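Chains as they are written, first to last, in my numbering: chain A, 16 to 111; chain B, 1341 to 1672.
Don't read these hints as lab results, they were simulated from the structure.
It is possible that some hints are incorrect.
What the hints assert, rightly or not - Derived DSBU-like pairs (lysine-lysine); straight-line CA-CA distance at most 35 Å:
| # | chain 1 | residue 1 | chain 2 | residue 2 |
| --- | --- | --- | --- | --- |
| 1 | B | Lys1472 | A | Lys95 |
| 2 | B | Lys1499 | B | Lys1553 |
| 3 | A | Lys95 | B | Lys1459 |
To be verified - If you only want the chain B side, here are some residues facing chain A, beta carbon under 10 Å, derived:
| # | residue |
| --- | --- |
| 4 | Thr1504 |
| 5 | Leu1509 |
| 6 | Arg1620 |
| 7 | Ala1653 |
| 8 | Gly1665 |
Bear in mind the structure is a predicted one, so any value in this text is a computation, not a measurement.
Idealized CB from N, CA, C, for every residue including glycine.
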Amino acid sequence: MSGLEEQVRTYIAENFVLAADAGSLRGDASLTRGGIVDSVGVVELIHFLETHFGMEIADEDLVPENIDTIDNIVRYVGTKRTSDTAPTVLHDDARV
Amino acid sequence: MMTLASKIGPEALRIDAGLEVEQIVARTEALITRDMRKRGAVVGLSGGVDSSVVAALCARALGPSRVLGLLMPERESATETLELGQLAAASSGITTVLEDITPILNGAGCYQRRDAAIKSLIPEYGPGWRSKVALPSVVASDQFRVFSVVARSPEGVEKRARVTPTAYLELVAATSFKQRTRKMMEYYHADRLNYAVAGTPNRLEYDQGFFVKNGDGAADIKPIAHLYKTQVYQLAEWLGVPEVIRTRPPTTDTYSLPQTQEEFYFSLPYDRMDLCLYARDHGVPAAEAGAAMGLTAEQVERVYRDIDAKRRAAHYLHLGPQLVGAVLESGE
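Let the hints inform the model, and build the full structure from the sequences given.
The following block contains the structure:
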């Protein structure tokens, strides 16, 4: 289990009562359809991801493919962090 | 009674309005006067079709002189709310009492707490600004339905910000003072008159949890909670509820900016939402329901999921106080 996945699982275990056994929660299980995260929980989860991982999630990214399963969250956050922190490539004519 | 239609469509929700009125009236009279041993009913009148129909039903069940209509505007109510409420009362022949709840809401800090929550999201928000909360469309995309606050300055500049958990919960808690204050006034008048309180939710609202617990969700009787909104309109027409009320678009009348119920809660306008709820409850495949409503199967699937999610959330709203040990109830 990656450190990122562990942090997400720990957050879910500590904040959503039904997911107290989050360690055994399948990575591909829907958090919303499974009744683990409700509408308020979605707001909390988004806030956690933004503040804990220092990222900004655009409205159009708030789709199940990004945040409805632990696997999707880990993949989305991993990709987002990589793209947000990637060094800017300067064109030759922009170099000082 | 509603008949099951083989094909989904508006006819599936067609009822015999006269027969339905007769049944509701008989049951309402029995529940209030015999079971509850109360002498009449209090109905909060919003100027909308639901409360107008409940007032008309109670007037038939108990006699107009035993029904009190309460008009409870506050400073952010739509301007037509009071006038339409009075019109509904007049058409049912019931008397009304006007209770402006603004001072109570001020005293409770409703506006101040609500404004502080909005200001935490939109720092420019201040005196003279108006606001509402809005959800993304279920039909337009698969995006999670996370509220945004929309605020408009006196100059017309509009700002939008997605809620944080703290701001969202504070906003809901503060605005719920409105529904809970109205219910408090309803019970005050019910107590002084030895009346019961008639609630006004329709089936969509009751089923999907579109109410404030111990606010508009509280009542002694809910005469139209089993009827789809479409069916409430059928009763309204049969009962002679004024046309201006029957043709008014449903509104929440809770926030200072105009807001539709789809923006705030439901996935679709009420007529299609009724059909989706009906289809969901009768096992109609999404593709078949979509074909009848001009939606794709995928869109209907999203609405079905939204219905299921709201039902899960409504479970808590419907729960009364839970006892953890056995107590012999009166009458058992």
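Are any of the numbered hints broken by this structure? If so, which, sorted upward? Violated hints (numbers, rising): 6 and 8; every other hint is consistent with the structure.
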